[in-house]
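Asker: Based on these hints, arrange chain Y on the given structure of chain H.
Residue numbers (our numbering), protein chains in the order written: chain H, 38 to 307; chain Y, 23 to 443.
Quick caveat, the hints were computed from the structure, so don't treat them as lab data.
Mixed in with the good hints there might be a few duds.
Some chain Y residues near chain H, calculated using beta-carbon distances under 10 Å [claimed, not checked]:
id	residue
1	Val383
2	Asp387
3	Thr403
Cβ coordinates follow ideal geometry from the N, Cα and C atoms, glycine included.
One-letter residues, chain by chain:
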Amino acid sequence: MSERAAESPILDVRGLKVSIAGPPELQIVRGVDLAVRAGEVHALMGPNGSGKSTLASAIAGSPAYLVDEGQVLLHGEDVTALAADERARRGLFLSFQYPTAIPGVTMVNLLRASLKARRGTEPSAREFLAELRETLATLKMDESFARRYVNDGFSGGEKKRAEILQLGMLKPTLAILDETDSGLDVDALRTVAEGVNALRSPEIGILIITHYERILNYVTPDFVHVLVDGRIVRSGDVSLAKRIEAEGYDPILRAIGEGATPVAAATGGE
Amino acid sequence: MAGREAPEASSAAAVAAHPYGERQAVDAARGDAEPGWLVDRRVEGARAFAATAMPTPALRPWRYTDVSSLAIEDHVPHPPALTVRAELPEGAYAGTIADALASRGEVVRSHLGSLVASTEGRFVAANAARWNAGVLVHLPRGSAVERPIVVELSGPEVAEGASAALLPRILVVAEERSEATVVLRLRSGDAPLLVPSVAEVVCGDHAVVRLLLDGGWGARTREFTTLRARLARGATVDVATVAIGGRIVKQTLESLIEGEGAHSDFRGVALGDHDQHFDFVTLQDHLGPRTTSNVEIKAALAGASRSIYYGVTRVEETAAGAAAEQENRNLLLSRRAKADSDPVLEILTSEVIRCGHGAAVGPVDRDALFYLQSRGLDERTALKLLVAGFFEPVARRIPLEGLPEELAATVHAKLEAADLS
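Just chain Y, with the same shape it has in the complex:
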């Protein structure tokens, strides 16, 4: 290791005075006694970080989320509180990546970074260099986990004024005919927190992975997530995201639907108030024949909150018989709330079974509001019911027991104080 660092000593990455420099990444990795190959990955991440500029609004996925004034390097990685609860069959694993390195180092080594390369962008590079909340779910062939695996990730409480970063790294490796549901409970306090996050989901033949991102961030948390799944023959990935907290939540959710007959599902709900900013970017990339996919994202926006959706359904030449649906709906609960929606179809084969997309931005249905008020519900209570109802069809299809009720309760609590003017 020492031998390979020397020639780089003068490079910008190596001498950088911020936490995402090469030396800092190496020091942190060595401090955690990470194996050499992982230290190398960290170095690659630091180099990518040095070589990559922040995205600008000139890039389509960043058009409405201007991060040019955000300096990732000012945010110091702080270790989070991380717990994983699971009832696992023999051979399966759910826990930290650190704990898995000794027993399943080869699984981590061959899959970590296999779907999201550190050179893709600055947030991803920062994560590769310094991820500090690593979670591995490994399901060997035929392994079915009945109860949801629950990962609780809480941002550090840092003194006012300090800028902290939390860098989650989620790796799910589901081998042939395995099945599991993973729930990520994401929490943080009131202090400013930056969360460059990466998740990779590798689904073998006929594997089924359901992943719920439950975003209960504090008001000053800014999340930038890249999630990518790759699906082999007959596999299913079902990703649901619930964005309630946070100042900025930007999630890029992508599915490489490679195997014949594989299915990808992305569902999301976002409830905004104040100056909350949600930005969802999706890609359903149909590569294999008879693959299917569905994207449904719904945002309800109070105060001066904002939601952006930009999604591409791509059906490649090799994807004859594919079927895809893509829908984004936005409910404006106040005059200052705003939404932008841009679903895109790129169809490169003539043999598509069905490919639909829809977008809507609009205020609450006045007739529905009057109907509820005529039953005795005051305007705010009626709006709570309408918003919970707006989310309900999405929530109900998220395969997690009790989620619709949990979400309805969250909606009622948040709208109790929301700016609906």
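If we strip away everything but chain H, and leave its shape as in the complex, we get:
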């Protein structure tokens, strides 16, 4: 790793504008700056339709979205033009809000193939199995889970745990959790949160995208950002999330409506 890369944030989003691939094209993310450094946990909050999932998908490289302007940098490298798999091999992991079912492909197949793609070599069977068992145990998941087809017939909670299982196995340097807390009962939420907390380390950056603050009761973020209408309008510490918990988004929406200047840059490092 070059000196420059070592100093760089893990994720550096600069002036990003993103549209849904048309027709019709519609700009959803309208200028976002966001930096996540190693060891930091950021929460990105916002009302429905504010562009949170679009931002997450665009950072991950989804072909369903077009980057109109701006850049996405991973470890200081501009990856804006790279495909999703190239970004993933550089350490990015997206936990999907709505994970796709892949009939016929077992969790084990997926995990082995993903590890091979990231490491360049097939993990040894023994090493893989040990790691899988340990991660399953952490997430209180039965071993039979690993033999099921990916997300096929999974309950909402199982899908989210399957995402965290992959997160735990793949050990990314940047994890984006897109509404991983939605649709979970308290027990499942706690399990998922424990999985995320187990992952926290000085080497990894985490971006938690959530509509509610529920998960933030279990995973304490270092920074909280509020996305409204495709722009980050507030940034702060965990007290911002507490305030939203108490008051909802209305005060913020009113403040913007009254002409308050949105906080454009939210590098989180200050």
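Answerer: Just chain Y now, kept in the frame of chain H:
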């Protein structure tokens, strides 16, 4: 014999200058010292060949496979390499038909051609006249073969330019309460090869026969198979076909489900690239009460390959309480790939328990592809996984140990170089 040939000497079949003429069939059969009744069958085949025209696209099962420019008679039968490996209980037989003629001539005589008549069509007639890779599996009453019977059939290596034919003839006679699994490993080289093939499966009461057609043909092999099974009371036939190689693979798979409570299962997977052409025709003919059947055929198509499915589920008036499922799914991996799917139901009784059919032709699920790519898999690797997964539910239900893994490895190897644009 000589006496009965004379009056026919002037007929077209007898004087034909190609290998499927009457005289050529007789000469070949005599050269192999076949018994008189079998020589007669060969003659019947040659006559049927002379009397039958090539099928045209006007016939529904041939709509998308135009063979009007194919001349079977230009393809000279060449003996294949044929091996049969089996661990058999006392009384059972698995081997060549030629070797069986002395000891079990009566079994062959009474069943060969009993399900597929030489007059049915030109490919079948050619096979009847000149089949040269005959395999008999005979399971006497109560005989259960535990390990799969493996038949390896390799087409002849013929010099470039020559047109050879390989004519497999498979006969399975499973008597009451017998059981076996038969695996046909079909292989050929790069030379052009025509394979008019016939398989007959006779299942007695409560017999269970599983048959796997493992099609690992070379790139210039053209296969035309007619397979028909007849099921007595409580019998089960389970036919699986894996079409990977070959230029043309056309398989007609039919089940006459006669006995009460009998069950027929046809499963198939096809993986195409370049200009490969797959054509599956199925018939599940429910004749007996409470009979059940299932057809599931899946094709994944790269390059300019093509798959055709035309299948009929027929439930006759006599088949009260029948249940049938029929499904064909096609995954298009490139813009030039193409599939046609036409499942048909013909229900002639009002007392059907359940009768379903489904067809689908479409590209890869983009969400699934993005999901896999987001895990670090490049597009080709992700597609390999998706295609292997597409086949997996079918492969897993083929009752042969190790088949899903074997198929997944084949899929990965073939898609490594396939045209996915």
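Asker: Against each hint, give a clear statement of whether it holds in the structure.
Answerer: Status of each hint after checking the structure:
1. Using the Cβ-Cβ criterion of 10 Å, the hint placing valine 383 (chain Y) at the interface with chain H is not satisfied: the shortest such distance is roughly 17 Å.
2. Interface hint status for aspartate 387 (chain Y): upheld, as the beta-carbon distance to the closest one in chain H is roughly 7 Å, under 10 Å.
3. Against a cut-off of 10 Å between C-beta atoms, the interface hint on threonine 403 (chain Y) holds, since the closest Cβ of chain H lies about 7 Å away.
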